[in-house]
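J.: Sequence:
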Amino acid sequence: MSLIKGLCCALPGLIATGLPALAQQDAGEPVQSAERPAIGLVLSGGAARGGAHIGAIKALEELRVPVDYISGTSIGAAIGGLYASGMTVAELEAFVQEIDWEAAFLNTTPRELRSFRRKRDDDLFLVSQRPGFNDGEFELPTGVVQGQVIDLILSRATLPVARLASFDDLAIPFRAVAGDIATGEAVVLSGGDLGRAIRASMAVPAVLTPMEIDGRLLVDGGIVMNLPVEVAQTMGAEAIVAIDVTDTLSTREELRSVLDITQQLTNLLTRFGSAEQLARLESGDVLVRPEFGEEFTAVSFERMSETVQAGYDAVMAQRDALEAFALEPAEYQAYRAELGDPRDFEPPQIDFLRLDNQSPLADSIIEHRLGEIELGEPLDVDAVERALSRVYGLELYQNVRYAVVEDDGRTGLEVDLRERSWGPNYLQLGLEFSSASDEDALVGLAASYLRTAINEQGGELRATLKLGDEPEFQASLHQPLGARGMFFVSPSVDFQSKSLHTFIEDDLASEVLLREGILEVAAGRELADWGEIRAGLRGGFGEASLRVGDPTIFPLEDFRRGEFFARLSFDTLDNVSFPRSGALATSEWRGSRAAALAADADYDQLLLKATWAKTWGQYTLATTVRYDRTFRGTAPVNAAHRFGGFFDLSGLNRNQLWGQHAARLGANWYRRIGDFALFPAFAGVSMEVGNVWNEEFGSGFDTAIFGTSIWAGVDTPVGPIYAAYGRADSGQDAFYVFLGRVF
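According to my numbering, the sequence shown holds residues 222 to 964 in order.
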């Protein structure tokens, strides 16, 4: 979130702007009597400082100053447009307080909105960002944030006036100002979908993706006209009340970094565009500039509600100048009554659903994910947003938006699906590092190619190459089946290497490298977005080679794998690196068969693993359980359960123990402690109890080992980084450094 905040300030200034050229638009009808001038309220851009606009409006109402026209840019368009639609000051205050700004500006799809297939990407230690790789060239999205959450927020807020084609028909005539990124012209939006007009005016270049309206690619109007005085005057305003919340210029001493310089350039360009508009103010007009504390910046969105008072105080400080516009109480009451309430709205009955789908994916698959929208029933906005989120969670679309439309006297929903401009081929990189001692270190580099939507059922191909201490190459095809795409087949091939250590006390006695090639064929069904069941068979062959130590400790033999398997998976975690809510669980049965599948031995195994997280304020408890058992026959070395390490009996080396059975219970208590170098940082303590056994569980927890750790971690774009100290009651301890998920 902090990185995006910085970009919000930094990047618009990199775009060259010229003198604005206004698009033609019709003036709305004034809502004033002949005895007074028509008053235009002009609201500037200013990001999080825009909360002051709410306080300013509140003060104008108390002073009984009527508003006949509103023009706004960026956050001014958002506050002004919602107020013009009939939202009250109290509703505006609640609106900015209730928004989860961190979620609204998420760089990636919120995990709970992702399909189960996309959640499985988190099983790989890959950077979350996936640049496009098409025709041999890298491609990036047109904005760091696609704005899906913001789109839904604005659609909900403006839904009561969605049926109005012209912004002149709002309670107060309104105009939003955006910039055409192709021409540098100011574009005045006077009708259409109010939510999309506001979103276009707020689309900070390179941060939020541009909006395409009437064939023009629109971005934040602050690059051309941050204080749209001219627009209000063109609408018919004879007197102007302008609220300017533009960020202040930094002093010479405050310009200490490239980010400071870039932000200053942004502010200079914004002020240059505003200077021409300020020159249009006349002697009777009122310019209000709220004052903010030095610690408050234009990107302090989580503190936006704090600026309301600043706007209120700034207007009240000019009450003498505003007295000329004030009405008598009876006149003001009549003015308010004349405005009407276009938000007096009953949810319409939805008779049909229409898709604007230009992607290869079949309509039937999308319609299945939209199944929560009930036709013949009143519009349920919550259900619509959940349904659209499920479609967006496929991560095939840049945006998934909806609109209420009329067709032959029937009311329906039109869903607009914009395919990702940088797909459908993607390349991801990954980095893994872990160390508990000089003898127990692991380094891995990875590159993964993903091809999505190879057919209308949504088939995809992934190939991953990993280099390092445990090299691996894996390729898989995931092919959904049927009209809904919930069933699937998934063949894969995997050439992998794993290190198996033998320790005597705390000293490494031997290290063996197990190389194996595995062919897997599976079929199954996704269970909505939260789970999956799959079954199939695996076959493979491999060899063991000694890296370090005595060859008599470990049998160096070739081996063959042949097993049936069935797996049930459940995943509702909000974050796999530092989970704060939800659960993740897998249960798998493996049956090795010598006669049927040419395996080395007959045995059956059960592998259970689960994590559950719950948060109270800033504190989170994550509990974990692991239970691996070989319950028929004896598994060979290549199929033994590996055990030990950070969160898996802290204090032991990674995979220090291995055997036929393993069990562990754990609890992790941690807190978000702030941000480190712009990224979320956490610290906590963990406790675990468990062990491995080669005999039956009869000895149980009499031989259990207790481990504990203190740790700190940072969630970075290249993966989570952890540093920890762990100690086991057996006397062993270890310092850990990890890059890559450990939960």
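Please keep in mind that the hints were generated in silico from the structure rather than gathered at the bench. Among the hints, a few may not be true.
Each pair of labels, with its calculated beta carbon distance range [claimed, not checked]:
hint	residue 1	residue 2	range
1	A819	E433	56 to 62 Å
2	L789	A386	26 to 32 Å
3	E433	A756	18 to 24 Å
4	G405	H589	41 to 47 Å
5	R853	A744	22 to 28 Å
6	V626	M908	52 to 58 Å
7	A933	A403	27 to 33 Å
8	R768	R746	17 to 23 Å
9	F708	L650	30 to 36 Å
10	A817	G689	34 to 40 Å
11	A933	V769	30 to 36 Å
12	V769	E319	42 to 48 Å
Positions of the beta carbon are idealized from the N, C-alpha and C atoms, including for glycine.
J.: For every hint, state whether the structure bears it out.
T.: Hint by hint, here is what the structure shows:
Checked against the hint of 56 to 62 Å, the C-beta distance between A819 and E433 comes to roughly 58 Å, which is consistent with it. Checked against the hint of 26 to 32 Å, the C-beta distance between L789 and A386 comes to roughly 51 Å, which is inconsistent with it. The beta-carbon spacing between E433 and A756, approximately 45 Å, falls outside the hinted interval of 18 to 24 Å. For the pair G405 and H589, the beta carbons lie near 44 Å from each other, so the given range of 41 to 47 Å is met.
About 25 Å separates the C-beta atoms of R853 and A744, a value consistent with the hinted range of 22 to 28 Å. As the Cβ distance of V626 to M908 is approximately 57 Å, the hint placing it in 52 to 58 Å holds. A hinted range of 27 to 33 Å is violated for the C-beta pair A933 and A403, which are about 47 Å apart. Remark: the range hint 17 to 23 Å for R768 to R746 is contradicted by a beta-carbon distance near 42 Å.
One distance hint, 30 to 36 Å for the beta-carbon pair F708 and L650, holds here, with the actual separation near 32 Å. A beta carbon spacing of about 36 Å between A817 and G689 agrees with the range 34 to 40 Å that was offered as a hint. The supplied range of 30 to 36 Å is met by A933 and V769, whose beta-carbon atoms lie about 32 Å from each other. Checked against the hint of 42 to 48 Å, the C-beta distance between V769 and E319 comes to roughly 59 Å, which is inconsistent with it.
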